[in-house]
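The sequence shown begins at 1 in UniProt numbering and counts up by one.
Take the hints with a grain of salt, since some may be wrong.
To be verified - Straight-line C-alpha distance at most 25 Å; calculated DSS-like pairs for lysine-lysine:
1. K153 <-> K139
2. K153 <-> K122
3. K30 <-> K15
4. K135 <-> K153
Treat the hints as calculated values from the structure; they're not laboratory data.
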Amino acid sequence: MTDLEKIRNKPELLKTMESQTEEMILVAVKQDGMLLQYAWFQSDEIVDAAITQNGLALQWVWDQNEAICLKAVKQNWEALQFVQEQTYAMCVRAIDQSCYAIQFVRNQSVSLILRALLKFRKQVGSNPQKWIRYKEFLKPEFRLATPHLAMRKAVAECTDAGTLCMVLLRFPEMEDAITKKWRGNSLEHTLQTLHDACSTT
């Protein structure tokens, strides 16, 4: 049996192979992306295969780029913790999968915090015990007594029209917390103002 056949049958043998070929590595990481850590070299194809199989393999990628990081985060939101240069889009993608992704966001903008709070309310609800643990992931000024209070604070400080639209569509009662810049004389007027702001950016 050749080394390649051995890898096909038992990919973890890559760890102990005395010599590796690109094909052997590719076969192994297609079955278990985390085996990338034992690869002696990496090509774009190898990295892509590893990330496609398991986004957490990003921690073993030598040369990260935005496309591979986005792909890793899309495959597994927890990969965000291994992204060397996080972008807003990567953080949004992770938070849209799980509210708990906020713990890995290095630059917690108000907009990202608000998205995470929205996701928390959808994913978890208003469970006080879970909130006590969850709020520790947020910037100190948002660690308030309830998710509702934290969300009101974030709404008041948020300047991203798209995020505010998402909030109002789900929680219309938050309209009074929105800065006067966006607020209209009715919910519909406020939503239209926010929509118009999104269209011009």
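### Task
Of all the hints given earlier, name the ones this structure violates by number, lowest first.
none
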